[in-house]
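Engineer: Chains as they are written, first to last, in our numbering: chain A, 1 to 597; chain B, 1 to 153; chain C, 1 to 122; chain D, 1 to 233.
All clues given are correct.
The list that follows gives simulated cross-link-like pairs (lysine to aspartate or glutamate, EDC-like), each with its CA atoms no further than 20 Å apart: (1) D:LYS79 x D:GLU28; (2) A:LYS593 x A:GLU80; (3) A:LYS226 x D:ASP31; (4) A:LYS264 x A:GLU355; (5) A:LYS340 x D:GLU135; (6) A:LYS512 x D:ASP45; (7) A:LYS340 x D:ASP134; (8) A:LYS335 x D:GLU137; (9) D:LYS127 x A:GLU108; (10) A:LYS226 x D:GLU28; (11) D:LYS127 x A:GLU76; (12) D:LYS127 x A:GLU75; (13) D:LYS127 x A:GLU125; (14) A:LYS335 x D:GLU135; (15) D:LYS144 x A:ASP343; (16) A:LYS264 x A:GLU472; (17) A:LYS512 x D:ASP16.
Which chain A residues stay away from chain B? Per the calculated CB distances, all over 10 Å, these: (18) GLY126; (19) ILE319; (20) LEU360; (21) ARG595.
I should point out that these hints are in silico values taken from the structure, not numbers from a laboratory. We put the beta carbon where it would ideally sit given N, CA and C, even for glycine.
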Amino acid sequence: MSLVRQGDRSRPRPRTHDLDAVVVGAGGAGLYAALELKRDLGPEARIGVISKLYPTRSHTGAAQGGVCAALGNTEEDNWEWHWFDTVKGGDYLVDQDAAEVMCHDAVETVINLEHLGLPFNRTPEGLIDQRRFGGHTRNFGEGPVRRACYAADRTGHHILQTLYEQCIRHDVLFYDEYQVLDLAMPAGADGRVNGVIALQLSSGEVHSFRAKAVLFATGGFGKIFKVTSNAHTLTGDGVAIAYRRGLPLEDMEFFQFHPTGMYKLGFLLSEAMRGEGGFLVNGKGERFMERYAPTMKDLASRDVVSRSIYQEIAAGRGIDGKDFVHLDVRHLGAKVLNEKLPDMSGFIRTYFGIEPLTDLVPIQPTAHYAMGGIPTDIDGRVLADESGRLVPGFFAAGECACVSVHGANRLGTNSLLDILVFGRRAGIAMAEEVRRAHTPEPDTAAEASVTAALDELLARTEGERPAVIREELQETMFTKCGVYRSSALLMQAWGEVDDLRVRAQQLVVQDKGKRYNTDLGEALELLFLLDCAEALVASAVARTESRGAHAREDYPDRDDVNWLKHTFAFRWSDGAPPRLAYRPATITRFEPKPRTY
Amino acid sequence: MAIGRRIWPVQGDPLRRNPSRAARPRPGEPGFERWMWYFTRISGLLLVVLAMGHMLIMHVLVQLTGQEISFAFVTSRWGTPFWRIYDLLLLVLALVHGVNGARIIIGDYVERGGLRSLLIGMLLALTFVLLLLGIFVIVTFDPAGAPAIGPFS
Amino acid sequence: MFRYRISWSQLAWLGHRLSGIGVLVYLFMHIVENATLAFGPSVYDTTQTFFRNLPVRLGEIVLMAALVYHSLNGLRVVAMDFWPATTRWYRPMTYAVIVGTIVAMIPLGLIMITPYAPWNGR
Amino acid sequence: MDVQLRILRFDPERDDLAHWEEYAVPAEPSDRVLDLLHHVKWYQDGTLTFRRSCAHGVCGSDAMLINGRNRLACEYLVKDAGRAISVEPVPGSQVIKDLLVDLEGFWDKYRSVMPYLVNDEVPEDGKERRQSPDERERFDDTSKCILCGACTTACPSFWANPDYVGPAAIVNAHRFIFDSRDHATEERLEIMADADGVWRCRTIFNCVEACPRGINITRAIMEVTRQIEIRRP
Ligand SMILES: Cc1cc2nc3c(=O)[nH]c(=O)nc-3n(C[C@H](O)[C@H](O)[C@H](O)COP(=O)(O)OP(=O)(O)OC[C@H]3O[C@@H](n4cnc5c(N)ncnc54)[C@H](O)[C@@H]3O)c2cc1C
Ligand code: HEM
Ligand code: SF4
Ligand code: F3S
Ligand code: FES
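This is chain A alone, in the form it adopts within the complex (with noise of 0.2 Å):
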């Protein structure tokens, strides 16, 4: 066997790939951009999609719900009463131009992915079907409208592999269970980005990829929190990788819990089973959403329902006095839950061991989704600092992006829709810089403090499990920095994230081999973990309103005189706060208004 055998720590030169452009995540944002570069730059270009997991892994397959266009295929829509509910649903924090372009495309976008192959479930005449989703509404708010395209409650399963069959059909070049562990932004080059740094699992070797333009897709960080419905591999590795290379992070206070997780274990249950018509009810039999959300009830946006829902069980109404509620989709019947809900059905059976037909289903907020991530404008390209100054050559898109399309609480399907359109356009954009970049150099220096940094770690031989840690990190950010939040509980967070950080210097690896090191694995993750938790209660403590996601029971008004403007934290230097700065929000059509469903 060629193995380098346990003990044996010296490292290989970095293995280099040149490539055109280097797309980092294979989720929808990912593999979408690299279809858009490969179709535009034609066969010829080389295209490379670097992932920490299979692509067909990617959380993308985990969406249920639907992606939402106003295609007006069963009822009448248009696409600005679906920019109108995206600004409101984000409580008017969205920039209206990002969001313009969003609903505007969003149409051309989901046909594009018709062409492409993916299988929606059809109208009897033929065409994609629609149905409801929470805050989607007919004209301005009147009233719910059939916005969601879906295949069954797999839609982001179907997005992930159509796009992926699409690129193994335009030979795009995948580098499937390599870690990205940093940016190749050389000194003295305009700051510009050209490459990466990334760690082959299989063989624990550091390889160094050179690029004319960089995307970072890498998802969302819902790992920070002990509840959540976000899968073990979502740490937020992209988000945390450009905060360290002194790039700012856009709006990280608001993180969207989704109101109908499993209890306990955080799975979600689509909002979709209350788009077919199912509801919530309290421990007294209520259906309290009709008190907090007169005309939307139980489809208001998640925001509001989970909020909602911890004031019932802070009021005592939860079941059993409990800290859950229930979802009740009896009266939906086995055709509905067996043919447009049969994946939700599934979950309930195998993990509850309860039949949806006959039983309540305990819920409870989850952690879901984060709006913030790395500031980008309406083609993907990274934003340096609150000026709006360019990063050369880099790119985000998806849940570690932040366009802000989202403003301060997403609405459902609006998720997917934001990693289609905007992995497509920034997969033009990129095609155009590569037009434009020369070959870039290497940056050994980031080569080099990788490969220092990946071998101190494994050096260390006294020290903390990284699961102790991770574990003290997502309790105390559920606990403290969740629905709601106060002055005192961020700022226990704030000290306890901070001595986290410190106790993390001193991690502990027990592999010490190279093949499918996972356990070194781990500990990286919960190092990204801890710096996407340091920016968001950071973000969370100055923020003195509630908006959207963002509940402070110490300032349960939203202050749009001070507070309508994203939040840009920076990574000051190790050890020091970050440095907190603010853009104005966007308005151009929709003025702030009260936001009631």
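Following the hints, put chains B, C and D with the ligands in place on chain A, whose structure we already have.
Structural biologist: This is chains B, C and D with the ligands only, laid out in the frame that chain A set:
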């Protein structure tokens, strides 16, 4: 504990063939495997009648009617062309069906290479000989006056 | 491979393989045996008496069982090959084949064993 | 309650041969086997290696041989698995480390069946192509595949002959062969008719019993076979 070496031959370098890319469809081989697939199924259906019929007559009916299998018995059956054709069909179909099956089984459990070719070669040779022998016996059998001394003596 | 828990349908396939090979081996021998026909009545009849005893008869019963099983299961396979929808009932069909073989072998086995059975005074 | 977890361990950097190791893991009946593996990895032995991501049966990362059957560790609960649980890597595959096997061959086969829609004609009005609900229903079952590999690695025909393209790849070919929008059916059928294609299926049904998505794989294989008969006589 030595477990399943054959199942997990950990050979060589763990490095992958990255980047992975669209595999070109393999060139379609000529459809031998396909025709044998059909042949197996169709011959199988015919064999239900032929083989089961044969077994029922030779082992069950004979028993029930209190007869014994003897030269005379064979003479009486092969006196009519119907049974000769019947047995001829049975012979050819069962042999080809069964031998093809055996070929597949060898292919499944013997690694590609010399031994596999050798075994399959031997199988085919044996089959060929037996097929000729069987056909010869059925076709040349003379019910009227069977010779006291056979052609092989 | 050998630690994979055997399911009924996997067993059914294994049985199909074994019975197929068994019948094939018998067929090989049968052809050789029948070649004695070419040597005339006396040779043939002597060889036949050779085969009239209990062990050979038991072997023939096993052969019968193998063939019955192989045909029934073969029919199941052919049905699923040509009418894919029948795959839905693969489990009941597998049980039916196994039960069917056993049921069919009771009378067949009894008839075949008759001449050598104790109640026939041999 | 403690569960006895037996794991077949193998690390080529340290071991010459695979060996069993036992762990006592505290567990609730509602815990998944994946939770037990995590417990071992996080608090007992950090070197335990396996793949996982979503933890609720949608990504297909964690197919392994648990209690003698291929299943997803995240979909198998302790209350069904019992108090003595054995976990091994999926059979018929090259083990890279512990429960993690080499899947490159699996993906190569998947990619070799043209698993993508081929149809570059777009309706003149620029809208979606029409497809009736019935036409959509035709390939619904096979479109659920998450490429976990549980089926292919449970197939005795594949164990015997690793060149067999395998049920997972056929399922994904079926997904497109029966899509009314596709234009490359003939080519795909030609690939399927290869000597190592559908003919290697011996209707053993281990695949169906292993599939976490409940896909009737054998039916799909036989439907593809029927199409070869009909469309490529
Ligand atoms: C359970 C659930 C249900 C949802 N349902 C809906 C819905 O119905 N509608 C809707 O609109 N949205 C929904 N969402 C949200 C939406 O699915 C996600 O926001 C979106 O899929 C994110 O896609 P992405 O492309 O940004 O990233 P992901 O799909 O998460 O992909 C991340 C990729 O990055 C790779 N990666 C990460 N780190 C690294 C690294 N260091 N090196 C290399 N590669 C790396 C991963 O391997 C992966 O390929 C849902 C989310 C969840 C969790
Ligand atoms: C009586 C009616 C018969 C039927 C309906 C029948 C049917 C079949 C079928 C459908 C197969 C294919 C199985 C598969 O691919 O999974 C098969 C295989 C086989 N048959 Fe038969 N058969 C019959 C008689 C025989 C006879 C008489 C013999 C022996 C000479 C025989 C020997 C075999 C062998 C060796 C195989 C290969 C098994 C395998 O590949 O697993 N069969 N049979
Ligand atoms: S068919 Fe089923 S078992 Fe096979 S890869 Fe797909 S989901 Fe997994
Ligand atoms: S287990 Fe294998 S033989 Fe066919 S029915 Fe399934 S692919
Ligand atoms: S971890 Fe995703 S399927 Fe089990």
